[in-house]
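**Student:** The primary structure of each chain is shown beneath.
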Amino acid sequence: MSAPNDITRRALFAKLGLVFSGVVGALLSAPIVGFLLSPVVRGRNGRYESWLSLGELDRFPAGETRLATFRHPGAMPADGVTADVPCYVRRIDEARFQVFAINCAHLGCPVRWFPQSGLFLCPCHGGAYYADGARASGPPERGLFEYPYKVERGALLIRAGEMPTAGTSAANSAGERPPCA
Amino acid sequence: MRLTSRIAAWFDQRLGLAAPVRESLEHPIPRSTASWAYVFGSAAMTAFGLQLVTGILLALVYVPSAGDAWNSLQTINHQVAFGWYVRALHGWGSNFMVAIVLIHMVQVSLFGAYKYPRELTWIAGVCLLLFTLGMAFTGQVLRFDQDAYWGLGLGASIVSHVPFIGPAMVQVMLGGPIIGAATLARFFALHVFIVPGLLIGFMAVHLLLVMKLGISEWPMPGRVVRRETYLREYHDLTHRDGVPFAPYAIWKDIVFSAVILLAIGVCAYVLGPFGPAGEPDPTIIQTSPRPDYFFLWLYAVLAYLPPAAETPVLLIGGPLIVLALLLLPFLSGEGEKSWKRRPVAVMTILLVAVSLGTLTHLGTYTPWSPQMEAWSGAPIPSKVLEGRTALERSGAAVFQAKQCRNCHALGESGGQRGPALDSVAVRLTEDQLIRQVIQGDGNMPAYGNNLSPAETTALVAFLKTLHPPTQTPARDASRAVIHGADNGRAPGPSATKHAPR
Numbered sequence: 001m002s003a004p005n006d007i008t009r010r011a012l013f014a015k016l017g018l019v020f021s022g023v024v025g026a027l028l029s030a031p032i033v034g035f036l037l038s039p040v041v042r043g044r045n046g047r048y049e050s051w052l053s054l055g056e057l058d059r060f061p062a063g064e065t066r067l068a069t070f071r072h073p074g075a076m077p078a079d080g081v082t083a084d085v086p087c088y089v090r091r092i093d094e095a096r097f098q099v100f101a102i103n104c105a106h107l108g109c110p111v112r113w114f115p116q117s118g119l120f121l122c123p124c125h126g127g128a129y130y131a132d133g134a135r136a137s138g139p140p141e142r143g144l145f146e147y148p149y150k151v152e153r154g155a156l157l158i159r160a161g162e163m164p165t166a167g168t169s170a171a172n173s174a175g176e177r178p179p180c181a
Numbered sequence: 001m002r003l004t005s006r007i008a009a010w011f012d013q014r015l016g017l018a019a020p021v022r023e024s025l026e027h028p029i030p031r032s033t034a035s036w037a038y039v040f041g042s043a044a045m046t047a048f049g050l051q052l053v054t055g056i057l058l059a060l061v062y063v064p065s066a067g068d069a070w071n072s073l074q075t076i077n078h079q080v081a082f083g084w085y086v087r088a089l090h091g092w093g094s095n096f097m098v099a100i101v102l103i104h105m106v107q108v109s110l111f112g113a114y115k116y117p118r119e120l121t122w123i124a125g126v127c128l129l130l131f132t133l134g135m136a137f138t139g140q141v142l143r144f145d146q147d148a149y150w151g152l153g154l155g156a157s158i159v160s161h162v163p164f165i166g167p168a169m170v171q172v173m174l175g176g177p178i179i180g181a182a183t184l185a186r187f188f189a190l191h192v193f194i195v196p197g198l199l200i201g202f203m204a205v206h207l208l209l210v211m212k213l214g215i216s217e218w219p220m221p222g223r224v225v226r227r228e229t230y231l232r233e234y235h236d237l238t239h240r241d242g243v244p245f246a247p248y249a250i251w252k253d254i255v256f257s258a259v260i261l262l263a264i265g266v267c268a269y270v271l272g273p274f275g276p277a278g279e280p281d282p283t284i285i286q287t288s289p290r291p292d293y294f295f296l297w298l299y300a301v302l303a304y305l306p307p308a309a310e311t312p313v314l315l316i317g318g319p320l321i322v323l324a325l326l327l328l329p330f331l332s333g334e335g336e337k338s339w340k341r342r343p344v345a346v347m348t349i350l351l352v353a354v355s356l357g358t359l360t361h362l363g364t365y366t367p368w369s370p371q372m373e374a375w376s377g378a379p380i381p382s383k384v385l386e387g388r389t390a391l392e393r394s395g396a397a398v399f400q401a402k403q404c405r406n407c408h409a410l411g412e413s414g415g416q417r418g419p420a421l422d423s424v425a426v427r428l429t430e431d432q433l434i435r436q437v438i439q440g441d442g443n444m445p446a447y448g449n450n451l452s453p454a455e456t457t458a459l460v461a462f463l464k465t466l467h468p469p470t471q472t473p474a475r476d477a478s479r480a481v482i483h484g485a486d487n488g489r490a491p492g493p494s495a496t497k498h499a500p501r
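Sequences listed follow chains A and B, in order. Final position of the first sequence in this note's numbering is 181; the numbers increase by one with none missing. Final position of the second sequence in this note's numbering is 501; the numbers increase by one with none missing.
These are computed hints drawn from the structure, not numbers from a lab. Wrong hints could be hidden among the right ones.
To be verified - From the structure, some residues in chain B lie toward chain A, with a derived Cβ separation under 10 Å:
no.	residue
1	Phe144
2	Trp150
3	Gln171
4	Thr183
5	Leu305
6	Leu356
7	Thr456
Here the structure is a predicted model, which means the values were calculated and not measured. No residue lacks a Cβ here, since even glycine has one placed at the ideal position from N, Cα and C.
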């Protein structure tokens with residue numbers, strides 16, 4: 001360590017200059033980091049949770065599972081076709097439905113519905129689910145993700161939220177279904 | 001003095017670069033390193049140069065918007081002069097670059113070139129490998145087709161496994177609630193600005209270190225690296241028996257780089273550009289997403305890992321591998337360099353190569369995936385239908401209609417997710433077949449809710465006929481005791497004790 005009187009006026013100015021630059025840098029880093037983390041900093045957009053229609057109830061015959069498509073409520077014009085999100089609607093009876101996300105609970109690939117065997121099969125790693133979305137076999141650790149739904153004025157409405165992923169089941173307000181015994 | 005020399009002299013008087021450039025070109029290297037084994041680093045750099053040129057060209061037309069990217073790729077392929085060829089060069093250049101970087105790494109580790117004093121050179125090299133793979137992944141995303149779209153979902157799913165901040169990381173990665181415009185823009189920035197910037201920076205450091213520390217000499221068994229003596233020994237090697245880098249070694253670098261460029265050019269011309277595959281429309285679900293070949297091994301790992309092991313293996317195993325690579329020069333910074341005296345190193349490299357090769361091979365034909373069209377597309381082999389009863393034949397129809405075929409092969413066609421059923425009757429008795437079909441087990445879903453009793457009876461009757469003519473079907477020995485059947489062939493007491501479940 002040098003004694004205090006070793007510090008020259010110029011060296012002190014240089015150090016003060018560095019401190020000043022550091023403060024300015026710290027001030028500027030807030031918007032830079034904030035911009036980068038905008039999807040988190042901004043929090044969840046209320047629009048994601050708005051109710052949107054999948055169509056008239058007649059489109060979903062009781063006892064069947066049909067593919068439906070919705071435009072994501074958070075879509076931007078530049079999203080193009082990527083904002084058209086598919087999902088499966090299972091109409092159990094007149095009043096009860098299940099709306100499944102298309103994404104496999106393993107790694108998000110699009111599952112396909114096979115009415116003959118009553119299974120959803122995933123083309124990526126062979127995950128399989130029963131008609132009620134419960135895990136049947138393969139790598140997924142849980143059943144299919146479900147969207148919350150309601151019926152209003154003869155139409156089926158769901159809340160889309162974010163794209164469900166394996167580690168973010170909590171983000172989907174439908175919560176986790178216990179796997180079928 | 002000729003005009004060109006005078007112009008050159010004018011510039012050099014101001015820039016003063018000629019002397020240092022000549023000095024670095026002619027710096028002495030050990031005679032043994034003027035070898036064809038030392039050409040991969042420069043070849044990787046050449047491939048990167050080609051990627052820079054073709055990448056900038058593609059950026060002139062490509063539209064990094066989720067709604068337009070796919071169409072702009074079609075425009076490049078079909079409407080821009082040489083557009084398809086520049087895309088092909090960029091795609092094949094990326095394949096070659098990954099391959100050359102891996103070969104370079106294998107050569108360096110076999111030659112023990114990472115040992116003292118070249119630790120930092122190795123670390124910069126490991127970072128360059130990661131950045132190269134980063135370029136490969138982000139590049140695959142920019143080819144914004146179905147594979148890219150679902151590949152992003154796969155990446156997001158892996159990221160989401162990170163404890164606590166996983167969901168937030170997914171949001172930052174995607175830039176929004178879904179894979180869309182913000183996602184593609186992010187990956188465009190990564191592929192075009194951030195990762196190439198890092199690559200160039202680390203490449204400069206890597207190259208500077210190679211110049212400063214000298215090219216690692218050809219390893220000789222018995223010539224051991226010691227911190228105390230190595231620098232002097234290397235100095236002797238380069239100054240007593242050294243040769244100038246240019247032209248002794250550089251001509252091989254130049255020739256090999258040209259060979260690589262030619263190979264990329266020929267591959268691009270003959271095999272053409274990669275895709276794009278189908279439009280990135282998530283509502284088209286008739287798709288089987290596959291990553292590009294550099295990540296097929298990972299795709300296979302994700303299929304074979306037990307579900308519970310996936311998160312720890314991905315989140316702990318991955319960083320551990322990178323950490324092990326970074327620490328390698330500190331764990332074995334001294335000692336023998338020659339692969340002839342380093343069996344563990346050779347075995348490790350062989351093991352990794354064989355594992356990656358096997359997993360990649362599996363990733364190309366995905367035996368773990370159900371074959372979605374097999375139930376309606378694959379015919380039932382006629383030999384399993386010949387001489388069958390009406391019940392057994394209706395069982396064959398059930399077998400096909402209930403999509404058993406998507407996972408089970410019969411006569412070489414069908415899915416490979418479950419075992420082939422050509423001889424299932426030898427393995428399982430009637431009761432075991434019924435139980436397996438109704439309740440499922442292991443990797444098989446239960447079909448109890450989806451088969452009527454009549455369908456189950458017919459299906460099992462059919463399955464019971466599936467055995468080679470030379471082998472008898474499995475028999476439940478306890479039945480004979482209970483029902484007194486089996487025509488007097490009284491089973492021994494052991495049969496009753498060891499009756500199947």
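**Student:** Taking the hints in turn, state whether each one holds.
**Tutor:** Status of each hint after checking the structure:
no., hint, result
1, Phe144, "9 Å, holds"
2, Trp150, "6 Å, holds"
3, Gln171, "4 Å, holds"
4, Thr183, "8 Å, holds"
5, Leu305, "7 Å, holds"
6, Leu356, "19 Å, violated"
7, Thr456, "13 Å, violated"
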